[in-house]
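J.: Residues per chain, in single letters:
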Amino acid sequence: MPETVLYTHSFASDLHESATVQQQIMDIWLKNGVSDGDLPDLQLALEEGLANAVKHGNQLDPAKQVKVECQLLDACMIRVTIEDEGSGFDPEEVPDPTDFENLDKPSGRGIVLMRAFMDEVLYNDRGNQLTFCKRCSINA
Amino acid sequence: MASDATRLDVQTVDDVTVARFVDHRILDEAVIQVVGDQMYRLVDDHGLKKIVLDFQSVEHLSSAALGKLINMKKKVDASGGQLGMCNLRPDLLKIFKVTKLTKVFDIHKNVEQALKAF
Chain A
147 MPETVLYTHS FASDLHESAT VQQQIMDIWL KNGVSDGDLP DLQLALEEGL
197 ANAVKHGNQL DPAKQVKVEC QLLDACMIRV TIEDEGSGFD PEEVPDPTDF
247 ENLDKPSGRG IVLMRAFMDE VLYNDRGNQL TFCKRCSINA
Chain B
79 MASDATRLDV QTVDDVTVAR FVDHRILDEA VIQVVGDQMY RLVDDHGLKK
129 IVLDFQSVEH LSSAALGKLI NMKKKVDASG GQLGMCNLRP DLLKIFKVTK
179 LTKVFDIHKN VEQALKAF
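Those protein sequence lines, which keep their order, are chains A and B.
Quick note: to get our numbering, add 146 to the position in the first sequence (first position is 1).
Quick note: to get our numbering, add 78 to the position in the second sequence (first position is 1).
For reference, chain A alone in the conformation it holds in the complex (with noise of 0.2 Å):
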């Protein structure tokens, strides 16, 4: 599967860094003419993965860094890799954030997010590096 890296940036574990890598990304897409359609999902997606990463990955510590990488696979699938440096999670373990005894807590909806608006969500074993993927119109 022919694929082409698009972005690959590290980045100390702080929220307007990432907000700032998020627009980059953001911008990359663009050029590279992914959908107006597609550009909202991929960026919620975008969004709840840094996030993630960040805050419960790497706990909002500077000295520790989130890796990135955009690639473009087959001409019209866009794949994200999010790595962090926390120990990692079990994504089975997360609670449902649907069950009706969760459904007032404030977090804890960023996977379901992804994973109803990727075609693609997968985590490693040790569950520090996430990969998603989604299959998009790419405008010549």
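There is no bait here: all hints are sound.
Taking lysine to any residue pairs in the SDA-like style, the calculated list, with each CA pair at most 20 Å apart, reads: (1) K280(A) x N178(A); (2) K181(B) x Q160(B); (3) K181(B) x N248(A); (4) K178(B) x R261(A); (5) K280(A) x I257(A); (6) K178(B) x V258(A); (7) K152(B) x G114(B); (8) K172(B) x P252(A).
It should be emphasised that the hints constitute simulated quantities derived from the structure, not laboratory data.
Since the structure of chain A is already known, use the hints to place chain B on it.
T.: Relative to chain A, chain B alone:
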């Protein structure tokens, strides 16, 4: 960094406060913080009890923004008030449906229908 500019356009219709989000995307942490603070002030500082949140301009919001909305709902409920929502685009409604928050919030098609619910 998000500015502290007004991110809610607030109007009063009879005795109901209609607060319209001005942002298209409530995704950035700094924006979410300001939006949340401005929503909470409607209850904490102004003591408003009948509130409609109008999402007409909003295309997307993150799980952190959902958290602010849930806390807003709790504040309004605790004050004995009532919170409605309206004008959610299909993509936005999908966010509420997949998280099953349609069971938590009173969601209406438009402002007029939201006002009738009070």
